[in-house]
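Participant: Going down the list, the protein sequences come from chains A and B.
In case it helps, my numbering puts the first sequence at residues 18 to 351.
In case it helps, my numbering puts the second sequence at residues 18 to 351.
Hints should not be assumed to be uniformly reliable.
Because identical chains cannot be distinguished in the list, a pair is counted as satisfied if it fits within a single copy or across any two copies.
[Said to hold, decoys possible] List of simulated lysine to aspartate or glutamate pairs, EDC-like, C-alpha gap at most 20 Å:
| # | residue 1 | residue 2 |
| --- | --- | --- |
| 1 | K199 | E114 |
| 2 | K89 | E114 |
| 3 | K212 | E239 |
| 4 | K292 | D95 |
| 5 | K79 | E300 |
| 6 | K73 | D345 |
| 7 | K266 | E300 |
| 8 | K22 | E231 |
No wet-lab data here; the hints were simulated from the structure.
From a predicted model like this one, the values you see are computed outputs, not experimental measurements.
Protein chains: 2
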Amino acid sequence: MKVKKLKLLLIKILMKYGLNYNHSIITSNALINAELVGAHSHGLSRLKMYCERISKKVINPKPKIKIKKISKSISHIDADNSIGFVAADIAIKKTIENAKNTGIGLVAVKKSGHYGMSGYYAEQAVKKNLIVMIFTNAPPAVAPHGASKRLFGTNPICFGAPTASKIPFILDTSISVINRGKLRLAAHNKQKIPKGVALDKFGKPTIDAKKALEGVQLPIAEFRGSGLAWMVDILSGVLTGGNHAGKVKDPFDDFTGPQNIGHLFISFKSNLFQKNFNQRIKENIKVIKKLPKIKGVKEIMYPGQNKFKRFKENSKKEIKVPKNIKKDLEFLLK
Amino acid sequence: MKVKKLKLLLIKILMKYGLNYNHSIITSNALINAELVGAHSHGLSRLKMYCERISKKVINPKPKIKIKKISKSISHIDADNSIGFVAADIAIKKTIENAKNTGIGLVAVKKSGHYGMSGYYAEQAVKKNLIVMIFTNAPPAVAPHGASKRLFGTNPICFGAPTASKIPFILDTSISVINRGKLRLAAHNKQKIPKGVALDKFGKPTIDAKKALEGVQLPIAEFRGSGLAWMVDILSGVLTGGNHAGKVKDPFDDFTGPQNIGHLFISFKSNLFQKNFNQRIKENIKVIKKLPKIKGVKEIMYPGQNKFKRFKENSKKEIKVPKNIKKDLEFLLK
């Protein structure tokens, strides 16, 4: 399906479910971007879930979003259980505004929901020559180090920086060995998952994606990854007023209330300390790219390069809509 | 040796090498703290190296440290190649001051050196009810993902938060599977290292610490850890005006010039968005500690708990000074 046609279709569906035109555009753009960068687990495959959550009144289609000014640099957003994309869109724009005005911006969000990919918002800040860090928590997936029960989300850490080229440096990494979205997709497609990624509900290693979903995912690097996940839970949950300590509901399985996810956005001007930041980052990347490579590696890539490449390639083509997603779209249009 | 006696001895040595009384105290305190928390690789074992660097004029014992005010929240420090401890001490105090005044503090440092453990400085901010993040780069140790040559330092990521208890939440994690200091100590003591931690200089896996030191250390979680290391190099090197892209000199092996390490300190008030932050973090930790544990685990610990425990226990005892360190001390006193 052509991007334009798909976008109109998504807007139609979202408006039918009660979002206003502007919020529908924001949401459609984010979902289509996920498809274009190849993150299908964060794209169309979630649309039905979002609509269901609106129907069941656990996403608020007509939120009264409040932005509280704490200082010229710092803001607090109560997203009133809006769809996460809208909350994050407002938050990143506020962060950029604060950083442009004062050098640094810090924006906390509470009462939000799943907003897709942090990197999508990081890109917006990087395009304005800002360095940016984004943290969000997520439903229980990963066991804290020493625990046998999942509690942390895959809690991504996202960092973006300008590179003096079209392709921004965007690190957007979950602290689990595998993304939960990928795991869900593997379970759906009945694919096996690699060893060392997850345990089943009895605490035994498994390569069965469905059993892994019922069990616990493993954090990267044991106590290090567990500590990073805990940090993200504090920054995006404890600090902001969002849910934390495992209380974020799974958007697919739990319709008993809003998710109340929290996010934290930090951004500052890249040339605060060195006027020639652009030249410095260019030199940095150049030196690293010139290193001798291990066998089979053609190019040393910086984070975000692969995603950008996929985006560029996919933007030229139509978006493939799998059968099950087509069914979803038809169902949602009825 | 009693802590007090050791401290006086260190001050005597550092002053003999040209540091002033105040800088000698700052440095001694940091080195002794490292011993007390059990991080021997960051304690007395480095004293001789620091003194040698002063003798060879690659650490400046009489630095003219300049603090440039960029805004009420943001400062830039040129440490004039001071010993890292002094630069970091000034920087964390400035960060705390800025955060206390405006809600958020951002301080970048250039022309610094190895400052011991990030967690030591994070603690100071946490004691003032601040949340803190600290980044520093380090000499080449870790190969970027896809490269066969080391370039990134073990580039620690440090995060601290108040816990409403005496024991702060301090995550201080290098992005390498093993700390370089531990590796150095293992090489010195002729101990083997675990599998999967490092490659020798020919790119082959090794459990020989000496061969690992000559080769490359592996980042945690492959491209994720490599990306985090790259992020730290940008934040602490490219951004600040410090060396980056592998140009930080090894303090033990390379006396051809100052290290020019960069650091970045970010801190903000923990109760910016939620007045009851203390209650929320207490609840967070309580819930996580109550999770069912895997076999053999007595308690789920948060980052920093173990270190605090060791500090408390060791503070009651005398500090054990190994033979080789005693020799160093005698040599330095001559």
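Participant: Give a verdict on every hint.
Facilitator: Hints, verified against the model:
1. K199 <-> E114: neither (34 Å within a copy, 44 Å between copies)
2. K89 <-> E114: both (9 Å within a copy, 18 Å between copies)
3. K212 <-> E239: both (15 Å within a copy, 15 Å between copies)
4. K292 <-> D95: between (36 Å within a copy, 15 Å between copies)
5. K79 <-> E300: This pair counts as neither: shortest intra-copy Cα distance 48 Å, inter-copy 32 Å.
6. K73 <-> D345: within (17 Å within a copy, 71 Å between copies)
7. K266 <-> E300: The answer is between: 18 Å across copies meets 20 Å, while 44 Å in one copy does not.
8. K22 <-> E231: neither (37 Å within a copy, 57 Å between copies)
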